[in-house]
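**Student:** These are the residues of each chain, in order.
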Amino acid sequence: MTHQLNQDSARPTQLQEDKTEVVSGTSRRDFLSAAGALVVSVASGSLPTEAFAQAAGRAAAATGGAVGTTLATISAIKPALNAEELDSWVAIQADGSVVAYYGKVDLGQGLDVAIGQIVAEELDVSYRKVKIVMGNSATSLNQGGASSALGIQGGAKPLRNASAEARRILLNLASEKLNVPVANLSIFDGVISVKGNDAQKVSYAELIGGKYFNSKVEWNKRIGNPLDVKGVAKPKSQSEYKVVGLSLPRNDVAWKVYGTEGNIADVRVPGMLHARVIRTPVAGGLAEKVDESSIKHIKGARVVREKNFLAVVAEREWDAVKAAKELKVTWVASNKPFPEFEKLHEHIRQAPTRKRSEDIKNGDVASALKSAVKVVEAEYLWPFQSHASMGPASAVADVKADKITIWTGSQKPHYARDGVANLLKVPVETVEAIWVQGPGSYGRNDAGDAVLDAAMISKLVGQPVRVQGMRHDGTAWDPKAPASVHRARAAIDATGKVVAYDFTTRAFSRATIDSNESDPRDSLVGMELGLPPKGGITFGTPEESYAFDNKMLAWEVIPDLIASASPMRTSHMRDPVGLQIQFASEQFIDELAYATGEDPVAFRVKYAKAPRDIAVLKAAAEKSGWEPRGNAKRDRRGPILSGRGIAYAQRAGTIVAVVAEIEVNRKTGRIWGRKFTVAHDCGLIVNPQGLRYTIEGGLVQALSRTIFEEVQFAPDKVKSVDWNSYPILEINDTPEEIDIVLINRPEAPPTGAGEATCRVVPAAIANAFFDATGVRMRQAPLNPARVKSTLTSI
Amino acid sequence: MALTPFQVDGKPVQIDSDPQMPLLYALRDDLKLNNPKFGCGLAQCGACTVHIDGQAVRSCVMPVSAVKGKKVTTLAGLGTPEKPHPIQVAFLEEQVPQCGHCINGWVMTSAAFLKKNPKATDAEIKTALDGLKCRCGTHVSILRAIKRAQTLMA
Chain C
1 MTHQLNQDSA
11 RPTQLQEDKT
21 EVVSGTSRRD
31 FLSAAGALVV
41 SVASGSLPTE
51 AFAQAAGRAA
61 AATGGAVGTT
71 LATISAIKPA
81 LNAEELDSWV
91 AIQADGSVVA
101 YYGKVDLGQG
111 LDVAIGQIVA
121 EELDVSYRKV
131 KIVMGNSATS
141 LNQGGASSAL
151 GIQGGAKPLR
161 NASAEARRIL
171 LNLASEKLNV
181 PVANLSIFDG
191 VISVKGNDAQ
201 KVSYAELIGG
211 KYFNSKVEWN
221 KRIGNPLDVK
231 GVAKPKSQSE
241 YKVVGLSLPR
251 NDVAWKVYGT
261 EGNIADVRVP
271 GMLHARVIRT
281 PVAGGLAEKV
291 DESSIKHIKG
301 ARVVREKNFL
311 AVVAEREWDA
321 VKAAKELKVT
331 WVASNKPFPE
341 FEKLHEHIRQ
351 APTRKRSEDI
361 KNGDVASALK
371 SAVKVVEAEY
381 LWPFQSHASM
391 GPASAVADVK
401 ADKITIWTGS
411 QKPHYARDGV
421 ANLLKVPVET
431 VEAIWVQGPG
441 SYGRNDAGDA
451 VLDAAMISKL
461 VGQPVRVQGM
471 RHDGTAWDPK
481 APASVHRARA
491 AIDATGKVVA
501 YDFTTRAFSR
511 ATIDSNESDP
521 RDSLVGMELG
531 LPPKGGITFG
541 TPEESYAFDN
551 KMLAWEVIPD
561 LIASASPMRT
571 SHMRDPVGLQ
581 IQFASEQFID
591 ELAYATGEDP
601 VAFRVKYAKA
611 PRDIAVLKAA
621 AEKSGWEPRG
631 NAKRDRRGPI
641 LSGRGIAYAQ
651 RAGTIVAVVA
661 EIEVNRKTGR
671 IWGRKFTVAH
681 DCGLIVNPQG
691 LRYTIEGGLV
701 QALSRTIFEE
711 VQFAPDKVKS
721 VDWNSYPILE
731 INDTPEEIDI
741 VLINRPEAPP
751 TGAGEATCRV
761 VPAAIANAFF
771 DATGVRMRQA
781 PLNPARVKST
791 LTSI
Chain U
1001 MALTPFQVDG
1011 KPVQIDSDPQ
1021 MPLLYALRDD
1031 LKLNNPKFGC
1041 GLAQCGACTV
1051 HIDGQAVRSC
1061 VMPVSAVKGK
1071 KVTTLAGLGT
1081 PEKPHPIQVA
1091 FLEEQVPQCG
1101 HCINGWVMTS
1111 AAFLKKNPKA
1121 TDAEIKTALD
1131 GLKCRCGTHV
1141 SILRAIKRAQ
1151 TLMA
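Protein sequences appear in the order of chains C and U. Take the first sequence: its letter number 634 is residue 634 in the working numbering, and every next letter is one higher. The number in the working numbering is simply the position in the second sequence, starting from 1, with 1000 added.
Note that these hints are calculated values from the structure, not bench results. Heads up, some of the hints might be wrong.
As the list claims (entries may be wrong) - Residues on chain C that point at chain U, a partial pick, calculated with CB under 7 Å: (1) G108; (2) A254; (3) E317; (4) R471; (5) A632; (6) E696; (7) G697; (8) P727; (9) I731.
Remember, predicted model here, so these are calculated numbers, not experimental data. We put the beta carbon where it would ideally sit given N, CA and C, even for glycine.
Generate coordinates for the entire structure from the input sequences, incorporating the hints supplied.
**Tutor:** What follows is the structure, encoded as structure tokens:
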């Protein structure tokens, strides 16, 4: 590489499984089973106490086992990467600093800082001594990559446990070295000393620096998001935290602002060719004829083709761009697979149901609706949306006979490795994925396809290849967030009580391709090579704690528009289906409040049953200065109308409420989200400042999706190909203020923060629009044209 | 093919290329510079912004032949960790970039603008930055940082 990227320079030593090592006269395998048996025998229910573990260790040592006799097992050679090896999680460097290996990735929200804080906390070292190495398949385990805002909620668990276990072992090592019981030792910043005699001390560096624990942890035998390990040691309780809870700055801001390091677009390897993949401009089209002579005049440019997969390569990037533009291809499509753009939601209503799922079914909704004094009904529409990442994806692949290296900005690099191995039919051990930060993916964007494309082309041309998309690849060809129709009905009795609630979504599946690229059937190149598409069928329902006597939350999924290699295939986009669903459900709750003459905040507080939900609702209302003002008609003259709206939701343990205060320009149709007040409860807060930035970014991105974003298409093609045909929020639309109330729950485990805020923004804006204008907008996006036509139609 | 001599971050360079090749490809592919990023190739996002003789320009649509004899400045030439530009200090202090792919455009555009309009109002700043894209939604931080930079530059 001619360019030095921000990677761990210390590559792991590749080792064969050590079969000869002997511990206390016992084979390593016996040692493992002895240790494993011990852990299993005490792990049901709660973790063993330190005292118990030490006693157990002494007992095991006495019978020839090895738990607790860690001195004997320290190794100068790093054991091979394996979830059961403590060394695969944490290492003490020769200088006493700590490296922790994290199998997820940070995308610019400071996740690595939070993980570093947790590791520092458990290991009793200062935060500045901790370095987090992320996402490389050779140095970290597959923890699922960036996924579902689980970076701390799930991803921190094995690192927390492993760090606690490393600390336990270090204490035992110090105990032997200083000949003092563990109970009489204390730790300060990686130095273990005897209580009451600070001069008697030994540092982590002296104990193990540059060497390896060579010790086991108990692995739950899962990979991806649920991967977890446990040691004998019990992690600290939150009351002991000193580093967790601090606002520490990010590690990646300086190099981004000074441009001292590159991102995925800047990876260059010697001898590489530049490639551009050429995909059909007509939906479902196949390349019937490719006129290779049409690019003969471009130096070094040539066509790479395998079945329906088509690309060009050249030594210079501009030549590859030109060749992709000038190559003459005759595309043939058998039909026009998309509905008319204006008839998208009618198509969703009419299409056959592939699957219906009733996720919540309490009581008898149908009977309650029949006998209701009043029935409220509404339907809400959400468009297809594009990740439209800031730069179209790029990737580099070097496919050699015995070894494949890929550089990817995919947020799931381990799965990218698996996908390349499966696509090229090679053992996964021969593929190394090097993760490099790319344009923010926020779900499965085009990065997963780019890396598999690069690997395929590299294999076909026998040289390293760099693929980068053009703008239309990032907008027209990325996996989309699904369009949907949401129908809600509720029954109100004579006292004004909601006695039945029925919320049903009809939509395209949220995952016609999986959220990761490990199966080539879920990739464009795989489908273009003729692999049969897998086609996931799933959606979701609102997440809240409203208690209605009779309640049904259901979803129905309709068939995809094109089965294979569709530019409208769907996959996860930040807070998958959360914006769609809650845009509808939290607007409908407002409609019910209006129908019963209740204040939108009071109505929610009345029906929400979870105490933390109620606290969040009240916090948002109070901080925003919310005063009930009833349904009385308001003065709505003047060119600018202002209004406020609230929405709340849960997301996988996190609870968030937002109050939007907006201005609507009657003449231009422009909605300005002027001020937002967010109340956010994600359990224990690890890094308050990082959390604030994460919430802010998620809110503004969701604001963009609510007001502007909609994939345009015609019956035969996607028409959103750039920022003019897929507009997003501009600087003029920036809120004047985002006021965030963080509710810290030290007693509750930390849950995700990357996605929850996104899902409440659309309804908060729509509810504020109703407050401002007296008119409901039940179709997103609430763009100027739609606002204008809504306001002139009344 | 034609030879185009110009300066990048104070150093003389010479590019032998199709004269219509956009400057961005000369900077990124020929000179191996990282900071001007490809975002759209259509002058719709600003990720490729450089200064040409002090003016903020979208290098993805500027033919390389048009910069003959001119002074091109990239983000790395604007300031360094040792000698930072106030805009960089402010963006760092406000922790602005998330993914960072757009940040070159915001820093380079606002640096050129504030040089000529150090006391610009909020509305003038927004007008000057209109058209730049950020997908991570860091706009609130960006505006905070520019206000901070104005104070630093005052």
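**Student:** Give a verdict on every hint.
**Tutor:** Tested hints:
no., hint, verdict
1, G108, "3 Å, holds"
2, A254, "6 Å, holds"
3, E317, "4 Å, holds"
4, R471, "4 Å, holds"
5, A632, "34 Å, violated"
6, E696, "6 Å, holds"
7, G697, "4 Å, holds"
8, P727, "10 Å, violated"
9, I731, "5 Å, holds"
Hint compliance for this structure: hints 5 and 8 are broken, all remaining hints hold.
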